[in-house]
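Peer 1: Two independent chains are provided; combine them into the complex using the hints.
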Amino acid sequence: MYKILKKMQLCPIVYLIEVEAPLIARKNKPGQFVVLRVHEKGERIPLTIVNSDEKRGSITLIFQVVGKTTKLLSKLNEGDYIMNIVGPLGKPTEIEHYGTVVLIGGGVGAAEIYPEAKAFKAAGNYVIGIVGARTANLLILENELKQVCDEFYITTDDGSKGHHGFVSDILKQLIDKGVKIDLVYAVGPTIMMKVISNLTKPYGIKTLVSLNPIMLDATGMCGVCRVKVGGEIKFACVDGPEFDGHLVDFDLLMARQRTYLDEEKKILELYEKMEKS
Amino acid sequence: MKSSIERFKRTPMPKQPPEVRIHNFNEVALGFTPEQAMNEAKRCLQCPEPKCIGGCPVEINIPLFIKQIAEGDFDAAIKTIRETNNLPAITGRVCPQEVQCEGVCVLAKRNAPIAIGALERFAADYELSKGGPKVDNIAKKTGKKVAVVGSGPAGLTVAGDLAKLGHEVTIFEALHAPGGVLAYGIPEFRLPKSILNAEVNYVKKLGVEIKLDVVIGRTLTIEELFKMGFNAVFIGTGAGSPKFLNIPGEELNGVYSANEFLTRCNLMKAYKFGEYDTPIKVGENVTVVGAGNTAMDSARTALRLGAASVTIVYRRTEAEMPARAEEVENAKEEGVKFQLLTNPVKLIGENGWVKRMECIKMQLGEADESGRRKPVPIPNSNFYFDTDQVIIAIGRYPNPIIAQTTKGLKVNKEGLIITDEYGRTNIKGIWAGGDIVTGEATVISAMGAGKKAAKDIHEYLMKL
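So the protein lines, in turn, are chains A and B.
One point on numbering: in our numbering, the residue at position 59 of the first sequence is 59, and numbering is uninterrupted.
One point on numbering: in our numbering, the residue at position 370 of the second sequence is 370, and numbering is uninterrupted.
Subject to a maximum C-alpha distance of 30 Å in a straight line, what follows is the list of computed DSS-like cross-link-like pairs (lysine-lysine): (1) A:K41 with B:K205; (2) B:K355 with A:K266; (3) B:K269 with A:K75; (4) A:K3 with B:K269; (5) A:K3 with B:K204; (6) B:K455 with B:K407; (7) B:K145 with A:K55; (8) A:K91 with B:K407.
Distance ranges between label pairs, derived from CB positions: (9) A:K146 with B:K205: 54 to 62 Å; (10) B:G439 with A:H164: 56 to 64 Å; (11) A:M1 with B:V345: 47 to 55 Å; (12) A:D53 with B:D420: 37 to 45 Å; (13) B:Q363 with A:Y81: 54 to 62 Å; (14) B:G274 with A:E54: 37 to 45 Å; (15) B:G274 with A:Y81: 18 to 26 Å.
Don't read these hints as lab results, they were simulated from the structure.
Every residue, glycine too, gets a C-beta built ideally from N, C-alpha and C.
Looking at chain B on its own, in the form it has when it is part of the complex (with noise of 0.2 Å):
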């Protein structure tokens, strides 16, 4: 029995020191040691009635995987997080797990809840490093077909899981890598494509096909897949419109959406521009508009790059934050600056390109629909900064091309596909989940809605 002072000490994960770290893109968390691993395993309290399980999305035994850990038995590890979890490599770094399960953990009451996410990765890169994942458990061909249209972490679920239950499945995506957010969006340094890449690999061995360079909506329709013979489709094209402020000056030259310079960098890898042929700017002075992970990424992608100052300016405080707090402390570590309850209104350009900004002050009044307390201007307190680079992290919207190409499917005034809590459309044979059906969410919560429409696909499929 450990003593209760350890029990209550969180085992730090191993980060390469922010000095080092802000002159590469190689991943910042380098995980934990098979001792670090079955120490913080130790830390667990099995408790009767478990709430960690209930905290993740795709419901891992959280308590067995943990207690295989501390037994020092890592294949049985793995195996226990596999049985619910198809990317377990990458939701171990990207989960906002202070939020799920970590935040559910008894022992967060005592500000120190077992590092699940540090657990989960420890077991995915244990597997990998021994050559990843068995494919077995196949079930027979079924014969049957289904098309899933996007890569991403709600694609790469209902693909794997259908694969596994014999059913063949095509994965289209549009861009020319498979990933979806997790290629174009997390950056190097918190998710290499390496890890990526090794779980789409697994997700191909298990018998699915990725076909690149498809967009469905243009290059195919989804009533075409039905024609070439599709039996079922899952729609889980994400949420990759960005939102801008659409204030004056968002269209001088230096102003990015953060998807365009994240896709720029980690996409088409213009960090590296000289052996890659995508160009990127960097500024002396960046602003990032927004906290969430994408402003996170934003920011710490830009001091890579090598930019002297990078500001986040955020309308809320730090509370509000939408981004993991991991992210958020390193990024203050890495020297990120922060203006808080600050509101862009102007960008001021010369000769074309962006050269200040115009913010006014917030403060933070009555509750909004979301819970957060509303930011509200206050009156004459505009200032003005120097920036030479903007970026806009405020958030995307759904892609719009396969509503608007395919006959007869709901959407709600946003543009978010309507479904019901099985993932259908109003179309049958039709489902949908991710960030198309939710708006914006995380990693973690399309996979669970990829896992729950694999279900419902599959009931369907094995009655036609």
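Just chain A, with the same shape it has in the complex (with noise of 0.2 Å):
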């Protein structure tokens, strides 16, 4: 059982949590992630960690409410117990010094690029921060992000703040503009991992994503997370989650993800109509 130390609502879908697990605090290390359960039946989850407390034991982890096991979660309060946190899973990025790196989230993903761009920036590289939300009230981490990056910038789809725009706008304008960019750093919704991916491939710009394909026990034993890169099936959870955007088959992955979508519903549907009775 894993304590909940903290919890913040974000914005009106992404809750932060701060779960006590020393264990896990003293590995974690940028790029890593967990496997958790809530409760007794639940289902498996993974998560990336966003931060970690060494001293005080504990890791951070950000979420978006989008079916039952986040609804879950998001109902438990500071003091409450999570059933299962395995972890830190998957391989930590390698953090060295590349130069300029542009980091781009899109939606929750501006909660992984946090912990990336405080060890990107430690490891002396120039950071570019670009985060991208449907609208202004779901940006996430907009201050924390902007104390750690060099340059920040913030889109919007409806143009309610920042760029009214996509996050690969922003990128694209960089690179018209002629900055020097040694690695692009993406994780958000699949397409838009594509959609850099595309962006940066004819200008040979190293470009990292981190994939989130379904996982169960995110060790290495089921194969579920398996994705193609390079012509290559690997294991999201064990070869990755990081991966050369270039060379990852965005298309699978994003046909696999849509597997179990009816499954999710149902079971979404069948706890909030109990929470109604």
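Peer 2: Following this line, the structure appears as structure tokens:
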């Protein structure tokens, strides 16, 4: 059982929780994730570790409410317990001095680039942050990212804040302006990572993406997270979750992510019905 | 003295009828009544030089416990079994007895070996019905600490044996439930979780602590375990990484590794989706590739989930199937179809979901290194059939996490940890056993390896 030490609502659909998990906090490096199970009959879902505090023995997770599991998680309060958390899983990001690093976070992906931004900055990189959301009140970690990044851009699909358009527009502008970019690191909806990777490919800009396929055990045991990278099958949980964006078969990933859409909808409806009665 | 006719007639195991059991996940084999057990036990010839003991990887004194059952002394029988086997309710259910103890039974020549597995199970279930095994004979605390990585059959055995000898044992398990393959792999209808839990509880009662949600190699490394004060480490992480066919279309939706399919159902209880949150798909026409126990388990699980038709596709013949004979028999009774001498070459999809399979017919050629005749494709024999779910059950690789994160640990080219006959790895203080050393094998052989290692670890610890 893992105690929730702190809980904050970052926007109408995104929550932050700090959870007691000393062993994971001690080991965690940027780019890694945990798998958690909220209750005895719950499913296992992966979540990126956004921050870890070795002294407090805690990790911070940020999640968007999309289905039953994240909804249940959002109902837990400070002092409540999460049934199981295991990690840190996946390979950490190889943090190096590249030069100029552009970090792109779409939606809740903004949370996932925060630890990367800190680590790349600490390694001496010039860090440019670009975050995008559907609309202004869904933006998260704006101030935190602004503080770490040397340059910081916001985009919204509806133009309610920052650039009216997509994160890829800003990246394109930077490239067109002649900014020498040594690494692009993108996390967000799969379609966004695809667009970014397609954009940087002709310029030969190294692009890393952090993939979010369906996972089950997340220790390399089940293979549900298999993705095609450079024509080869890889398990995102142990070989990733980061891969070279220019080699990833994003269309396949998007198809596989849709496997359980019907069931996810059904279980959420069942839960909402039960909640009402 | 029993008459010779009865002597050569095995007492059949009572089972749920096929038409009933394909609609539930309850155990198929119901177990002997005391009367059936005693009758079966009385068939034993009590050979002066029994072969059965040598056929058992943990060398249970089989003739003795069978004699005790025949005499109606079930308490003595289970005591005999427990002297060398910590998990009899499990092995009585899942051991491939036909190639072990029962395979070498003299009566096997008359096609009627003593039902040793069923009798072992009977004795173990009798004990569980009386409140479970007694915890006694635990040696004085030695003050020595042992870390066991993985809570499958090898890990549980090592842990149980060392705890009995007075050592302080901690098992680290990556998943949220103990048991390893017994929890995620073997279905409820073959090994009920209540049985597994009872056996795990016994190991806990011996004083073993089980820490769940810890991935050694990620959460903690083996090096750190030594720093934390453990004097010895046993690695029993099993063969958990699924093999795929590496044919086109394997990434389509509706294609599962058997590990995924079974883990969803067994560990996550997806067969109770609605009450439990983990989903699972079941097709109309399910194809399972492979013919080991995992393939049979997958096929029979698919039937129970409501598949209209389930077909096993296997590239050799029935004689070469690695599954336990009883499970093949059960699968047949339940209506699983067998497409033998057939190998898939391509999966064909529609809108991202698997819809058809292209196969090629095979014939058996020369014997290969495993001694089995090697299947060879028959040119131009390709054919197609419709299938909307494919479960790949062709084996598992060792999980690479420990090897990748333990500096200097010697593994072979398949990634299996190299040990000597006592289970010692090349690093002092580290032992390994079970599937992570042998590649995929049986529950009982993993337990046998655990026993050997425990003995050696004990000697090592007492010299420290």
